[in-house]
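Protein chains: 2
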Amino acid sequence: MEISKREEEYLEAMYLLYKKKGVIRVRDIARKLRVRPPSVVDALKKLSEKGLVEYEKYDRILLTEKGRKIAEKTYSKHLLLTEFFTNILGIPPEIAEEDACQFEHYVHEITAERIKEFAKYIQEQCPYVIKQFIKEKMKNEKSKDTPEVEEVKDKHTS
Amino acid sequence: MEISKREEEYLEAMYLLYKKKGVIRVRDIARKLRVRPPSVVDALKKLSEKGLVEYEKYDRILLTEKGRKIAEKTYSKHLLLTEFFTNILGIPPEIAEEDACQFEHYVHEITAERIKEFAKYIQEQCPYVIKQFIKEKMKNEKSKDTPEVEEVKDKHTS
DNA sequence: CACCTGAATTAGATTTGCCTAAAGAATTTA
DNA sequence: TAAATTCTTTAGGCAAATCTAATTCAGGTG
Chain A
1 MEISKREEEY
11 LEAMYLLYKK
21 KGVIRVRDIA
31 RKLRVRPPSV
41 VDALKKLSEK
51 GLVEYEKYDR
61 ILLTEKGRKI
71 AEKTYSKHLL
81 LTEFFTNILG
91 IPPEIAEEDA
101 CQFEHYVHEI
111 TAERIKEFAK
121 YIQEQCPYVI
131 KQFIKEKMKN
141 EKSKDTPEVE
151 EVKDKHTS
Chain B
1 MEISKREEEY
11 LEAMYLLYKK
21 KGVIRVRDIA
31 RKLRVRPPSV
41 VDALKKLSEK
51 GLVEYEKYDR
61 ILLTEKGRKI
71 AEKTYSKHLL
81 LTEFFTNILG
91 IPPEIAEEDA
101 CQFEHYVHEI
111 TAERIKEFAK
121 YIQEQCPYVI
131 KQFIKEKMKN
141 EKSKDTPEVE
151 EVKDKHTS
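Sequence order for the protein chains is A and B. So the first sequence is residues 1 to 158, counted in full-length UniProt numbering. So the second sequence is residues 1 to 158, counted in full-length UniProt numbering.
Just so you know, the hints here were simulated from the structure itself, not pulled from any lab data. Just to be clear, a hint being listed does not mean it is correct.
For chains that are exact copies, the list does not tell them apart, and a pair is met inside one copy or across any two.
[Said to hold, decoys possible] With a Cα cut of at most 25 Å, we get these calculated DMTMM-like pairs of lysine to aspartate or glutamate:
| # | residue 1 | residue 2 |
| --- | --- | --- |
| 1 | 135 | 124 |
| 2 | 73 | 97 |
| 3 | 139 | 109 |
| 4 | 66 | 113 |
| 5 | 66 | 8 |
| 6 | 137 | 28 |
| 7 | 139 | 117 |
| 8 | 32 | 9 |
| 9 | 131 | 117 |
| 10 | 135 | 117 |
| 11 | 137 | 124 |
| 12 | 131 | 59 |
| 13 | 5 | 109 |
| 14 | 19 | 54 |
| 15 | 32 | 2 |
| 16 | 139 | 113 |
| 17 | 50 | 7 |
| 18 | 19 | 9 |
| 19 | 5 | 98 |
| 20 | 5 | 97 |
| 21 | 116 | 136 |
| 22 | 21 | 65 |
| 23 | 46 | 8 |
| 24 | 116 | 98 |
Given these sequences and hints, build the entire structure.
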């Protein structure tokens with residue numbers, strides 16, 4: 001059975017809401033995915049037909065076993081990608097988050113797994129090199145925020 | 001002006017066709033994107049309205065300056081991602097290709113840039129570690145293709 | 001208990017991207 | 001150059017995902 005990117009996003013949102021609050025409400029899903037409640041109801045009906053969500057109107061909403069497994073798999077990719085982008089590449093958290101949030105729906109198992117292994121391996125084998133890389137990049141980041149400072153200083157001291 | 005993932009894919013396909021053959025034909029775009037020719041015509045009309053493609057029916061098809069720039073940007077991300085997946089992570093080429101083909105449309109400039117820098121840095125700073133990682137993974141790959149061999153050997157030699 | 005409020009739902013419409021079938025244009029070939 | 005083939009285009013429709021407006025429901029309060 002085909003499951004779309006968007007459906008995966010719905011499942012993931014529901015999974016996180018359940019983990020955090022213990023209940024899943026239409027309103028909250030809508031907020032999380034930045035859509036209107038009617039769109040959520042549409043999605044719930046479809047997901048329910050596919051056996052990924054338990055849904056009867058006006059009743060409590062739950063993921064089925066199958067739905068939860070998909071959500072977990074997606075979310076674990078999300079975590080691993082975010083970590084890689086921030087810890088290894090030194091990407092700012094909000095951007096890392098956005099990139100992960102998209103790629104998580106496309107990345108092959110093998111690639112995800114490999115990224116995780118690579119991160120571990122490289123941190124163990126050459127932690128200092130990584131640290132150095134991050135440090136370098138962070139520095140450049142900051143100088144972008146305040147691009148004039150260095151130059152001005154030079155002028156003053158020269 | 002909003003440009004969708006799919007539109008970016010059309011631009012990229014056209015860009016590559018032009019680079020390779022010097023002409024862009026509906027038929028070839030369709031083949032590349034695995035859609036039927038009428039879908040391509042629809043897309044061309046929209047892209048033309050957005051000023052990304054020069055299109056008059058039955059006439060030659062060209063990217064505009066603007067369209068070409070978008071395609072180039074996308075394609076350069078494609079290349080860099082593919083290289084990272086294959087050369088650093090040791091992902092098989094077809095899978096690396098597919099992952100790149102999706103992520104290229106979402107990855108932020110900064111992340112793409114950082115991946116490129118990281119690949120360069122790590123290859124310079126600890127080329128041996130990378131080589132070792134790849135080697136290890138490749139080995140596991142192969143043993144997956146022929147999972148019985150080792151065991152059978154053992155039995156025979158024991 | 002009746003009412004009020006906020007949440008959930010339905011109805012109906014829009015947009016994007018794709019399709020098939022059929023018609024029209026261009027190119028190749030006999 | 002006329003016919004055959006191939007490519008391109010139009011017409012008409014479908015499915016996914018979204019929206020707004022209006023309705024229905026559930027829970028809390030006077």
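Problem set entry | Homo-oligomer pair classification [residue 117, residue 139; C-alpha up to 25 Å] | Classified as between; 15 Å across copies, 27 Å inside a copy.
For this session: Can you give me the call for residue 19 and residue 9, within, between, both or neither, at a CA distance of at most 25 Å?
Result: within (15 Å within a copy, 37 Å between copies)
Exercise. Between copies, within a copy, both or neither: which fits residue 139 and residue 113 at Cα up to 25 Å?
Worked result: The answer is between: 16 Å across copies meets 25 Å, while 30 Å in one copy does not.
Problem set entry | Identical-chain pair category, residue 5 with residue 109, by Cα at 25 Å | Answer is both; intra-copy 15 Å and inter-copy 22 Å each pass.
Exercise. Between the shortest in-copy and the shortest cross-copy C-alpha distance, which are at most 25 Å for residue 73 and residue 97: within, between, both, or neither?
Worked result: The answer is both: 17 Å in one copy and 22 Å across copies each meet 25 Å.
Problem set entry | Copy assignment of residue 66 with residue 113, given that the CA separation must stay at most 25 Å | So residue 66 and residue 113 pass the 25 Å test inside one copy only (21 Å; across, 38 Å).
For this session: Using 25 Å as the alpha carbon limit, work out where residue 137 and residue 28 are close: within a copy, between copies, both or neither.
Result: neither (37 Å within a copy, 42 Å between copies)
For this session: Can you give me the call for residue 46 and residue 8, within, between, both or neither, at a CA distance of at most 25 Å?
Result: So residue 46 and residue 8 pass the 25 Å test inside one copy only (12 Å; across, 29 Å).
For this session: Evaluate residue 116 and residue 98 at a C-alpha cut-off of 25 Å and name the case that applies: within, between, both or neither.
Result: The answer is both: 18 Å in one copy and 19 Å across copies each meet 25 Å.
Exercise. Is it within, between, both, or neither for residue 131 and residue 117, if the alpha carbons may be no more than 25 Å apart?
Worked result: both (18 Å within a copy, 14 Å between copies)
Problem set entry | Alpha-carbon proximity between residue 137 and residue 124, which holds within one copy, between copies, both or neither at 25 Å | both (21 Å within a copy, 16 Å between copies)
Exercise. From the Cα coordinates, with 25 Å as the cut-off, is the pair residue 32 and residue 2 best called within, between, both, or neither?
Worked result: both (23 Å within a copy, 22 Å between copies)
Hint check: violations occur at hints 6 and 12; the rest are consistent with the structure.
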